[in-house]
Amino acid sequence: METTSTTTGARAHARAQAAATSPYGPRLPARDATDLPAGVHSDAVLWVETVGPGGYVARRLPCGATVRLTDVDGDACANLLVYSARNPIERLNVADTVKVQWQAYLGPGALLLSDQGRVLMSIVTDTSTRHDALCGVSTLRSNTEKYGAGDVSGAAPNGRDQFAVAVAKFGLTRRDVVPNVNLFKHVRVLEDGELWFDPAPAEAGAFVELRAEQPVYLVVANTPHVLDPRPDYIVTPLGIVAWRGSPTTRADARWSATPEAERAFLNTEDARLEDDE
Amino acid sequence: MTIETIGRTVLDEVVPARAPWAGVVPRGHTLRIVDLGGNQAVDFLVYNDHDPAERYSAPDTIVAQRNIFLVPGSVLLSNEGTSMMTLTASTCARHDTIGGACSKESNTLRYGFHTKHQHACIENFLLAHSWRGMGKRDMTSNVNWFMNVPVDPDGTLGIVDGISAPGLSLDLRAEMDVLVVISNCPQVNNPCNGFDPTPVRIVIEEPPP
Numbered sequence: 000m001e002t003t004s005t006t007t008g009a010r011a012h013a014r015a016q017a018a019a020t021s022p023y024g025p026r027l028p029a030r031d032a033t034d035l036p037a038g039v040h041s042d043a044v045l046w047v048e049t050v051g052p053g054g055y056v057a058r059r060l061p062c063g064a065t066v067r068l069t070d071v072d073g074d075a076c077a078n079l080l081v082y083s084a085r086n087p088i089e090r091l092n093v094a095d096t097v098k099v100q101w102q103a104y105l106g107p108g109a110l111l112l113s114d115q116g117r118v119l120m121s122i123v124t125d126t127s128t129r130h131d132a133l134c135g136v137s138t139l140r141s142n143t144e145k146y147g148a149g150d151v152s153g154a155a156p157n158g159r160d161q162f163a164v165a166v167a168k169f170g171l172t173r174r175d176v177v178p179n180v181n182l183f184k185h186v187r188v189l190e191d192g193e194l195w196f197d198p199a200p201a202e203a204g205a206f207v208e209l210r211a212e213q214p215v216y217l218v219v220a221n222t223p224h225v226l227d228p229r230p231d232y233i234v235t236p237l238g239i240v241a242w243r244g245s246p247t248t249r250a251d252a253r254w255s256a257t258p259e260a261e262r263a264f265l266n267t268e269d270a271r272l273e274d275d276e
Numbered sequence: 000m001t002i003e004t005i006g007r008t009v010l011d012e013v014v015p016a017r018a019p020w021a022g023v024v025p026r027g028h029t030l031r032i033v034d035l036g037g038n039q040a041v042d043f044l045v046y047n048d049h050d051p052a053e054r055y056s057a058p059d060t061i062v063a064q065r066n067i068f069l070v071p072g073s074v075l076l077s078n079e080g081t082s083m084m085t086l087t088a089s090t091c092a093r094h095d096t097i098g099g100a101c102s103k104e105s106n107t108l109r110y111g112f113h114t115k116h117q118h119a120c121i122e123n124f125l126l127a128h129s130w131r132g133m134g135k136r137d138m139t140s141n142v143n144w145f146m147n148v149p150v151d152p153d154g155t156l157g158i159v160d161g162i163s164a165p166g167l168s169l170d171l172r173a174e175m176d177v178l179v180v181i182s183n184c185p186q187v188n189n190p191c192n193g194f195d196p197t198p199v200r201i202v203i204e205e206p207p208p
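Just so you know, the sequences run in chain order U and Z. Residues 0 to 276 in numbering that gives the first Met the number 0 are what the first sequence spells out, letter by letter. Residues 0 to 208 in numbering that gives the first Met the number 0 are what the second sequence spells out, letter by letter.
These are computed hints drawn from the structure, not numbers from a lab. A couple of the hints might just be wrong.
As the list claims (entries may be wrong) - Estimated spans, in silico, between C-beta atoms of each pair:
#1 Z:H116 with U:A43: 16 to 24 Å
#2 U:P107 with Z:E205: 21 to 29 Å
#3 U:R14 with Z:P25: 57 to 65 Å
#4 Z:R65 with U:R14: 33 to 41 Å
#5 U:D274 with Z:W130: 32 to 40 Å
Just so you know, even glycine gets a beta-carbon here, dropped at the ideal spot from N, CA and C.
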């Protein structure tokens, strides 16, 4: 073992660590990934990464890209925020998402709408349908009350601070962290307005594919759902694969699935006219 | 803006139909909102007056009380999980947390492109923010006082006929020094204002001695 008391020793020590492996982190180059979804050609692959418990990732996706989020072991909780990469002041608006679509629950065909009446991402495939658009993420305070700790430097990172750090890498601040959506955890509203969290275990391997309908900054944290009743900080890895493609067109049934969706896609298409050629 | 100081009441004014309003409610003071004409949605945001990055959070609020409706006893929590205001009284049975604010842009999806020119709550919020150096990044999901948004068993939700009436009111006690920003909703395409936006009354009272 080299000593680290000298610069050459420290360098050799640092370089020797690259031989280690982790189940979490990115695959580079992404096109070398072998476990791609059926029909996805390696040349089209943009991003392959596994997010560990409590972690987060933040990534720009080009217009038309599809990202598959997989609940690998059945206990992931994908906390999602989405911003327009053209102009990040345009961002996910959960209230508009549920109100405009007359639907509180996310599922196949659902659109993630921005505050500018446009589609940020659309759910093109969903084998889970167990999601939540109402409950947000944990805070330092809520995780400290529940787990005894919530710092991102500790064993129970809170979602809000992970979001704040993630968006900072796009030049955004804590003020830009808005209400998010959660995939793979199942929340429903009962008749009297009560929130109900489904305690049933999820199916390992369930996945959701979201298509970027404009260039986006996608932020994904993987922290336990705020209504998860278990006293321990339990969350399992989240798989991510993204590949190039085209945004939704009139030929797609989703374009005109509802009058609201059609006008959202028209607004989204219209904004592309502002782009430089 | 008329500010009267009469005994314990430090402010008593009427917010015209369709208009914004903003003001500071010091800790311990009570803000009363009166639905003068009945079924008038009051879109409502709250900020920590000393650090506006801390603001009302719909998700934190509904998770803490395990219910999407605001009723007497409900506490408006911030995005850091801190108590901002408590709904100490309400003669309207419940209020909305999930419907958000109308905007010119979302109106085009909901009602057609011809509604783009109509006034909307986001316009009011952004104007009120501009008075204080705040802006669009300070927007978040808001409360809708006196607005009725049920969620059906299959997840269908919508703004339906209101359950408020002329003279119904609510009281909010500030648990910290808060900046309150209101849009007296101008929406005319759904029943949130009974298709006829009307004024609301705002009263701020000092805490009892």
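Quick rundown of the hints versus the structure:
1. At roughly 42 Å, the beta-carbon separation of Z:H116 and U:A43 lies outside the given 16 to 24 Å, and the hint is violated.
2. The hint said 21 to 29 Å for the Cβ distance between U:P107 and Z:E205, and at roughly 54 Å that hint is violated.
3. A hinted range of 57 to 65 Å holds for the C-beta pair U:R14 and Z:P25, which are about 60 Å apart.
4. Against the hinted window of 33 to 41 Å, the Cβ-Cβ separation of Z:R65 and U:R14 comes to about 52 Å, which falls outside the hint.
5. A hinted range of 32 to 40 Å holds for the C-beta pair U:D274 and Z:W130, which are about 34 Å apart.
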